[in-house]
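If you want the building blocks of each chain, they are given just below.
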Amino acid sequence: MLKKSFYPLFLLSIAYLLFSSNDAKTIIAGIAIFLIGMVFMEDGFKLFSGGILEKVLEKSTSSVPKAITTGFIATAIVQSSSLLTIIVISFLSAELISLSGAIGVIFGSNIGTTTTAWIVSAFGVKIKIAHYAMPMLIFGVIFRFNDSKSFQGLGNILVGLGFVFLGIGYMKEGFEALKAGLDLAQFAIDGYLGVLVYIIIGAIATIVIQSSSATMALIITALATGQIEYVNALALAIGANIGTTVTAIIGSLSSNANGKRLAVAHFIFNIVTGAIAIIFLYQLADIVDIFSVTLGIENTDYAMKLALFHTIFNIIGVLAVSPFTHKLVVFLKSLFNEQEKDIERAKYLDEVVVSVPEAALVALKKEVGHLYDNTTEALAHALSLHRDDIFNIPEEKLSEVINNSTQIVDIDTEDFYDKKVKYVYSDIISYATLSQEKMNVEQSDKIYAFKLACRKVVETIKDANELQKNINIYLKGKNEDIKNEYNFLRIEIAKTLNGIYRLRHNCDDDFDILTKIKLLEENLTKLDMIENGKIDQLIRTNKIEPRMATSLINDSAFAYSISKKLLNVATILWIEDKQIQELGEE
Amino acid sequence: MKIDKLFKIAESFFNMGKKKQKKNCDKKQNIELSLDKKIDSTKQKIKKTESKKRKAELKENLKILKKLKSKIK
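If you read the protein sequences in the order shown, they are chains U and W. The first sequence begins at 1 in the numbering used here and counts up one residue at a time. The second sequence begins at 1 in the numbering used here and counts up one residue at a time.
Quick caveat, the hints were computed from the structure, so don't treat them as lab data. Source: prediction; values computed, not measured. Keep in mind that a hint or two might mislead.
Think about it this way: if two alpha-carbon atoms lie no more than 27 Å apart in a straight line, the pair counts; the simulated BS3-like pairs of lysine-lysine are [what the hints assert, rightly or not]:
id: 1; chain 1: W; residue 1: Lys71; chain 2: U; residue 2: Lys446
id: 2; chain 1: U; residue 1: Lys495; chain 2: U; residue 2: Lys565
id: 3; chain 1: U; residue 1: Lys526; chain 2: W; residue 2: Lys63
id: 4; chain 1: W; residue 1: Lys67; chain 2: U; residue 2: Lys578
id: 5; chain 1: U; residue 1: Lys578; chain 2: W; residue 2: Lys69
id: 6; chain 1: U; residue 1: Lys397; chain 2: W; residue 2: Lys8
id: 7; chain 1: U; residue 1: Lys578; chain 2: W; residue 2: Lys8
id: 8; chain 1: U; residue 1: Lys397; chain 2: W; residue 2: Lys55
id: 9; chain 1: U; residue 1: Lys446; chain 2: W; residue 2: Lys69
id: 10; chain 1: W; residue 1: Lys52; chain 2: U; residue 2: Lys365
id: 11; chain 1: U; residue 1: Lys397; chain 2: W; residue 2: Lys45
id: 12; chain 1: U; residue 1: Lys578; chain 2: W; residue 2: Lys59
id: 13; chain 1: U; residue 1: Lys446; chain 2: W; residue 2: Lys73
id: 14; chain 1: W; residue 1: Lys55; chain 2: U; residue 2: Lys495
id: 15; chain 1: U; residue 1: Lys526; chain 2: W; residue 2: Lys66
id: 16; chain 1: U; residue 1: Lys565; chain 2: W; residue 2: Lys71
id: 17; chain 1: U; residue 1: Lys451; chain 2: U; residue 2: Lys565
id: 18; chain 1: W; residue 1: Lys53; chain 2: U; residue 2: Lys578
id: 19; chain 1: U; residue 1: Lys578; chain 2: W; residue 2: Lys28
id: 20; chain 1: U; residue 1: Lys446; chain 2: W; residue 2: Lys27
id: 21; chain 1: U; residue 1: Lys446; chain 2: W; residue 2: Lys59
id: 22; chain 1: U; residue 1: Lys564; chain 2: W; residue 2: Lys63
id: 23; chain 1: U; residue 1: Lys495; chain 2: W; residue 2: Lys63
id: 24; chain 1: W; residue 1: Lys8; chain 2: U; residue 2: Lys526
id: 25; chain 1: U; residue 1: Lys526; chain 2: W; residue 2: Lys28
id: 26; chain 1: U; residue 1: Lys526; chain 2: W; residue 2: Lys27
id: 27; chain 1: U; residue 1: Lys451; chain 2: W; residue 2: Lys63
Bound-form chain U, shown alone (with noise of 0.2 Å):
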């Protein structure tokens, strides 16, 4: 809402400042291309890499300096934070790297990225930068046109670095013309005062522009070329680093829980280094004069003493929140729980019975059992139907209770898969194939027949699905006849449903279940329309069109595998003896 009502009050402010002052627009031209350069060397190392940096990720993340180490290398070297932020939330979503290794690359990553400030700083202000643009401008198109995908991510690359030297070229000479008419310098506040102040404009131009390495960029041209001061400098950079989170904040929104746990750390390191620069703004910059001297760089050079600021506070940051890491684990953890948005996981798989083969089976029993629990709600909903007009009425009374339940239940199958099958279902393949490490080969082909009993399970949701379409459609129609005939597949999933649930809770022994699940097999072939005559009757007198013949043909196809896949399901969960079982296989 707030995006919405701010978006045209931005684009007119950038028109109005684009046509009022020539200068204003030179920079923030180059800002433009400055942010356009850095979408290509994004997407040139996306290609340029063939996969190495992801690689790296999943190696080097073991232990938090060693992610942090990572983290600093990989983006001083890519030059994008927001690149390896994607990496690193899509590995975690992968459970390729754990979050406390994401965490420490993400620490490392604001290290990395202040190596912008550096290029920007010892050559962008320097030399005529916006002179190597050209050249690798040209070479960049040329490589973009190879067929090798490095060449054209290095292509994407000299592009981008030609658009960010170019966008730094304009904004520098917008910023020297425009102090031969306006200095902003005359702004200029003292104290704690002025610090607050440019922390804030800091941190509200890398909200509006997105990136704060524009942000950076446009500081250290703006001081190169006198506009502000050294002191409003770094409470600007100080503003940078806390803009950014917010940005990262917005983009976490509509992102899962590994993107929100990462931002929120993102945001707690910003915050923490952002106070301890300002509190000890000062200080630091007594430090960064100690160091200058140090490094060889000449005490009137604040673009090159912005940069190395900079980093020094980043590290100080990385140094006073890495130690703990852990506890920042636990916390985000508990505020973004997974399982908060209706999401099921399985219920009774606990990973330390994983190597005792017998428990282990038993848990994956029940929780092939709570998956079968699931999916027959979906399956009733599908039909129209609550498990209560299933489960709680005797056998003989389900064709009443269903001809007179004509109420659609509004339910998305596909949906409901996502909510309550689909994770239960992979935890079950993840666990069953952990524990079927140290199983021998009985206890394996029992591990088969779970996986086997879980497919055909979730294979009846899909089923159930097709059927659900037209029954919704035929359930409010005019026709009878064809009601009739979807109530009649209504019931007989039904049936099986019912007869299952007894066979589960009433019967003493293996010979009970398996005669049961025969008797419910031989109904079945009442749902063989085709053999049994049915739909040629009813086409023939005239009672329903070939067009609803076609769709009860397919139907009754699906209500019978559903049934079907069903018993086979009872057969291999509830009848322990394997003879009878197999006695029981066609």
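Got chain U; can you put chain W on it based on the hints?
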């Protein structure tokens, strides 16, 4: 593949193949015996029960049990 071959050699050497066959045969006999017991007990229940509905149910069960027995044979 090599392990499979080794197992086969070991099986033939120690007569394990025959032992396995015997074990399977025993299992089959056990199942047949328990099925017979189940059939007998169902027959008894049919005789004892007075409810017609229950009787019909048990008869259906008996039919299935007999089919299963013929399947074993």
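Hint-by-hint comparison with the structure:
1. Lys71/W with Lys446/U: Roughly 23 Å separates the two Cα atoms, so the pair holds.
2. Lys495/U with Lys565/U: Status holds; Cα separation ~14 Å.
3. Lys526/U with Lys63/W: Given pair Lys526/U, Lys63/W holds - Cα atoms ~19 Å apart, limit 27 Å.
4. Lys67/W with Lys578/U: Answer holds: Lys67/W to Lys578/U is near 19 Å, not above 27 Å.
5. Lys578/U with Lys69/W: Roughly 16 Å separates the two Cα atoms, so the pair holds.
6. Lys397/U with Lys8/W: Violated, because 58 Å separates the two Cα atoms, which is more than 27 Å.
7. Lys578/U with Lys8/W: holds, 25 Å
8. Lys397/U with Lys55/W: holds, 20 Å
9. Lys446/U with Lys69/W: holds, 25 Å
10. Lys52/W with Lys365/U: violated, 38 Å
11. Lys397/U with Lys45/W: holds, 26 Å
12. Lys578/U with Lys59/W: Between Lys578/U and Lys59/W the Cα gap is close to 26 Å, so the pair holds against 27 Å.
13. Lys446/U with Lys73/W: holds, 26 Å
14. Lys55/W with Lys495/U: Answer holds: Lys55/W to Lys495/U is near 21 Å, not above 27 Å.
15. Lys526/U with Lys66/W: Holds - the C-alpha atoms of Lys66/W and Lys526/U are around 23 Å apart, at most 27 Å.
16. Lys565/U with Lys71/W: It holds: about 22 Å lies between the C-alpha atoms, which stays within 27 Å.
17. Lys451/U with Lys565/U: holds, 13 Å
18. Lys53/W with Lys578/U: Not satisfied, since the Cα-Cα distance of roughly 32 Å exceeds 27 Å.
19. Lys578/U with Lys28/W: holds, 12 Å
20. Lys446/U with Lys27/W: Distance of about 18 Å is within 27 Å: holds.
21. Lys446/U with Lys59/W: violated, 33 Å
22. Lys564/U with Lys63/W: holds, 21 Å
23. Lys495/U with Lys63/W: Holds - the C-alpha atoms of Lys63/W and Lys495/U are around 20 Å apart, at most 27 Å.
24. Lys8/W with Lys526/U: Violated, because 48 Å separates the two Cα atoms, which is more than 27 Å.
25. Lys526/U with Lys28/W: With a Cα-Cα distance of about 33 Å, the restraint between Lys526/U and Lys28/W is violated, given a limit of 27 Å.
26. Lys526/U with Lys27/W: Judged against 27 Å, a Cα distance of about 35 Å means the pair is violated.
27. Lys451/U with Lys63/W: violated, 32 Å
Taken one by one, the earlier hints fail for this structure at numbers 6, 10, 18, 21, 24, 25, 26 and 27, listed in ascending order.
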